[in-house]
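Take these sequences, add in the hints, and give me the full structure.
As you go down the protein sequences, you meet chains A and B in turn.
The first sequence maps to residues 1 to 442 in the working numbering.
The second sequence maps to residues 443 to 1349 in the working numbering.
Hint data in this document are derived by calculation from the structure and do not stem from the laboratory.
Some clues are possibly wrong.
Stated by the list, open to error - Here are the computed lysine-lysine pairs in the DSSO-like style, where the Cα-Cα straight-line distance is at most 27 Å:
(1) A:Lys112 x B:Lys515
(2) A:Lys112 x A:Lys253
(3) B:Lys1268 x B:Lys1232
(4) A:Lys205 x B:Lys737
(5) A:Lys67 x A:Lys408
(6) B:Lys1056 x B:Lys623
(7) B:Lys1185 x B:Lys1056
(8) B:Lys942 x A:Lys205
(9) B:Lys737 x A:Lys198
(10) A:Lys203 x B:Lys942
Computed from a prediction, not measured in an experiment: that's the story for all the values here.
Next come the chains, spelled out residue by residue.
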Amino acid sequence: MRKSWRIDRRTFLRGIGSTLALPALDIMESEAAAASAVKGTPPTRFVTIFQPNGFHSSGWDVNGVGKNFELSRILKPLQPFKKDMIVLSNIDNPGNGHIPNTAAFLTAAPPKRLPGSNTYRAGISVDYLLAQKLGQETLIPNLNLALEPAGQGFDGGYPRSVGSTISWSSETTPVIPEVSPQVAFDNLFRRHVGPEAKMRATKQKSVLDYVRGEMDDLNRKVSAMDRQRLDQYYASIRDVEVKLEKTLNPPEKSWNPKTRPDLVRPPAGIPDDYPEHMRLMFEMLALALWTDTTRVGSLMFGISQTTLSLNFIPGMNGSHHGVSHHRNVASNLDQYNRLNLWFATEFAKFIKQLDSISEGSGSLLDHSVVLFGSCMKDGNLHVPKDIPLVLFGKGGGKLTTGQHIRCKPGTPLGSLHLTLLDKFGVEAESFGNSKGLISELS
Amino acid sequence: MTCNFPCGILNATALLVLAGLCFGAPGELHGETGFEEKVVPLLAKYCYDCHDDLTTKGNLDLTPFLDPESVVKERKLWLRVLHQIKSQEMPPEKPFPAPDELATLVDEIDRAVNDVDWSSFRNPGHVPLARLSQLQYRNSIRDLLGIDFNAGVTLPRDPEGPSGFRNDRSSLLINGSYLEKYYAEAQRALDAIFYLKENPSPRIQTIRAEEFKVFRARIEKNGSSSVLVLATPSSTGSGVVVLPETGYYRITIHAGTKPYPLTGLNLYAGGNEVGSVIVEDPQMRDYTMTALMEKGSNLISLRTDVAALPLRNDYRVEFPVPQNYIGEALEIAEATAPKLKPLPHYSPAARKQLETANRTAFEIFEYYQLLKLLRENDAVSDDEKVRGEWLGRRTRFRQANMQLSALLKVPDEDVFARWTAETISPGFDEYMDFGNAYVEEARFKYFYKRPFSGEVVVSRIAFEGPIEPEAIEPQGLYSDLPDPGTAPPGDAEIRALIRKFSSRAFRRPIDETQLDRLFDFYATARGEGAGFYPALNDALSAALCSPEFLYRFDALDGPGDEIRLSSHQLAGRLANFLWASVPDAALLNAADEDSLTSDVGIAEQTERMRLSPKVRSFSESFMSEWLDFANLGGNIMPNIGRYPEFSRALAEDMKKETARFFEHIVREDRSLLELLESDYLLLNERMANYYGHPEPRKGSDFAIYEKHEDHFGGLLGMAGLMTATSPPTRTSPVKRGVWMLEKIFGEHLPPPPANVPELPPGTGERAGISLREELAKHREQKECAGCHDKIDNFGFVLENFDPIGKWRTSTPEVPVDSTVTLEDGKTYQNVVDFKSYLLEERRDDFLRNITEQMLSYALGRPLEFFDTPVVDEIAEQVRKKGYRPSVLLGEIAKSYPFNFQSNLPIE
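Here it is, written out as structure tokens:
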């Protein structure tokens, strides 16, 4: 008897791509993972999940300080992981405005234009500083992903491209994140693993040598000003060489993952369906961490301001950015909290995924530090004070979780970054706008 | 400098002016006395209060301007200042300057901005070293290889630079993941070319219906075969096809339609729309399209396409259900509604819950009867209330039964099973299916305003390829490659091939040592036993990764303050400007003969290139970035619920209309003023229908049409531009006004104050007043009026164009008032007489603006104050010679900044 009238409980479209496993014809197995498990402690990972348009106090603020606190409406989906989280309040972003706030999220410094050029300086972001240390044994030092491509034009005097990333690999190099799930997948798993990849890497290396030779010749012929512009090019050559070297001569690893996931290559292009896109990118992050292809990663839900519209969420009636400027009208505020609740719900699925991956002495979540939040509080006035931040994961024992830490009012964002650097054993005297640590986190 | 003026005859004022010109040394404009002594104190008296470095009203700080040279360097700004002082807009309140003070200000500032000895500022400008833009990369690979593989699609999208164009050189750097991507891109394109040459007989891969996975669709058995049946808009059938190599494939879909004779079908590959067909025949037959597909596994999806179906505007939005139907349905329900009896083991609480469940079943049954009546009497109601009511009753029925099963401590299934089993035919399955189908159909009509799409039936989809695409560039590698079956060509022939390929790629003749290095790749691979195709692949991949291909080294170092570009460097620049690609053989020859450093030589090539179809890339990128409509159909989309006739395909055609119109003007050398007003239109079938043209012609290509209504013609009547300047649900006269001022007239508006919120949705409509009246209230505030008095009129005159560019004389609430009175006091009714204003009063502003934009595009940098005389001269030539694009392009190619590069350090 057909039970077609049993109503499907799903409230929004699930793309077909996710349920269709593509034949893994082209996927080579990870050599490192196939090798017998090497003893060693699982490394600590650092992940940043970024939402650009803020959270309103009415939906975000938790009740209570210390170990006894109640989750807010927006954080409710993360109830099962309350014991793994540290909510932080009273931390201030030094930037002011969408783009500077976004650029400062991991750099603790709003970007400044270098005179006479179109280059901006914000300082190296904390994830890249960490990647310098954590990325030595992994193929990819830092996996930067986003759900929206870089913006065009200008806003508030800054080029939108400067607000399209939270990661800076050098003081003046904003790193544009990857938006295509398939390209991200290929960069992680297809190009660098297996005998075919080794052959390709050898060829690529000789091309790189040729390219460097050509560039050295040309370098002599250009003006001094133009020579500066080639600095980043040379830096890229070095980065690719390092990666190729790791493919040809995989580094000695102090630790190997105990289990191996199925690797399913996502379809090409950028999914039309935003929830599906988010799901795929969360999966990329999880797979990359699981297979120890990288130990540092990030995902941006949107670029600063963002033009994304979230009409698939029931009750939503506008663009993400538009709704964040709620003007304190009750119905708009409700939509603002509702969309943020949706983000938190999706994020909870990611945390659950990390929690479900066993790494012997604990889960992947136990061995990670995941930073979730936004560069501003109430998006209506781009409030840079008391920005919404939560840490998830015990960081391999480095963090005492299950608490709400209310820092001293006006604690600079750089202090959080310094504290994280300290936890990971990276030396730094100052970072961005701070020279001190957050003592309660230590 | 010598003074040639007969000073004795002239009057005193002229003498003063001439004295300044004659006796001022180069670099000094006239005596410092003029500006410093007279103007600065007046500015301090009347302007500094609001326009100093603390109170920078309108973002303007006048205090740094202490001499005429500083004024010249910010000439555009001071032209505005002059205008505002002259028209007495500024200062806006007391104290006002006395008449003689006003005269002094106007005279001296006018002198400072207009009586400029430009020779003292002569500077060709400096463009930084830049990589190829994404568009230039794609086209270069297309022309070098011979086939367009959309190379560079994995590269990050180019940001807009400060000039507003994506080819702005300051933003075009190589960092991060680019290098790896370039290598992968080169491999992909070369692998595809070599494979195609080696495998001229395409293979066919088929996905049969039974292999599809379905989502809201079904597979039906048809005797020994099966068919995929797609119905509602989101119903999808997906499958996987594994293709041997990247390339073009002929895709054949064997399909038919039932019951309606017209259904649209979209094909997606990996999430991107690859093509669509209209399935017209109930008989199964083949529908074909050609598309670029990737090597390896491709996820294919077929989905019905709502946008292909004709709109029906006669669907009633509110259709109250007739009372007698409601009564009749109630009667039937009271007589025959099914009920469940309590079973012996039911507790009292369960029995009570069962009563509730029975009540909800009654409501379901009653509504089922009602819907049946509506359907039988062909009175399908698309009233949202009917749908909402059904869904509500359905939910209550479910919830009541789920609560019952909770009380009984049994799975939900068991309770639902009773309903199915114990109701007499037709039973609950039938009630539910009927109701659900009914509301689905109603929702479709209500939301999409199209007939229910019926069903598309697909039996198989076949992929044949790789095949040769229709368009093959004759000078590309594909034509030059020796056939694979023949004996491997000798070293000399290979060297010649590599030389030709890379000289064109590097935009200059490759030197022997470079050639040796590339040939090395070939020789090494051959030495390791590779065939000559793979070996050649290695060499050419390396060439495509060379910085000389990826970067534009067209302004190398040299002695002196400025460098003259060589013929080869000019060839590269010209090809990037007009074709966004590499030079062709004829242009390279001209460069080899060093003829491009002469005016005649470069003008000749420019003229030849203007006539080539390759200017399409130039017209598409120039227009969409200048007029800011590139994001239409992507980030900018109208609300589909309100404007169901809008679709991505329509957006693409709208963009093409504007780009093709400009392309037509360029290639046919029509007057550029036709952009302001023309007596013809360039349309395809879809756009002709959209604009209600009485004689639309079949086909997707664009062709000349006679104008059928006065408000069409020129840029302002184009739907794409009107849509791109509107938010999703309404028009925005402010947005359009800003667009007109900045894009058409080339004025610069200061940014709005921080934190000015958007108007909330429904602005105007709720208060029952027009948008115009609402904005008028805002302009009553002084801080807002300053800018809005200038902006809003240019938007209001376009109010007859609704948010999707259709002509309207009223909105649902109020009639449209598009009468505007401009600064000069004249009144214009609507866009039709406004266009005559543009042609008569503003033609030279427009010409100057398009000249600046195009020069900026050609140079890849924003213009500076020292480019002013260049722009003046070019615009003057174009004006004199009939406003023709051939003149504009030629003058730009011959111009000082195009041919020279400044070598001085930048301040």
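Each hint, compared with the structure:
no. : hint                  : verdict
1   : A:Lys112 x B:Lys515   : holds, 24 Å
2   : A:Lys112 x A:Lys253   : violated, 39 Å
3   : B:Lys1268 x B:Lys1232 : holds, 14 Å
4   : A:Lys205 x B:Lys737   : holds, 24 Å
5   : A:Lys67 x A:Lys408    : holds, 17 Å
6   : B:Lys1056 x B:Lys623  : holds, 26 Å
7   : B:Lys1185 x B:Lys1056 : holds, 25 Å
8   : B:Lys942 x A:Lys205   : holds, 25 Å
9   : B:Lys737 x A:Lys198   : holds, 20 Å
10  : A:Lys203 x B:Lys942   : holds, 23 Å
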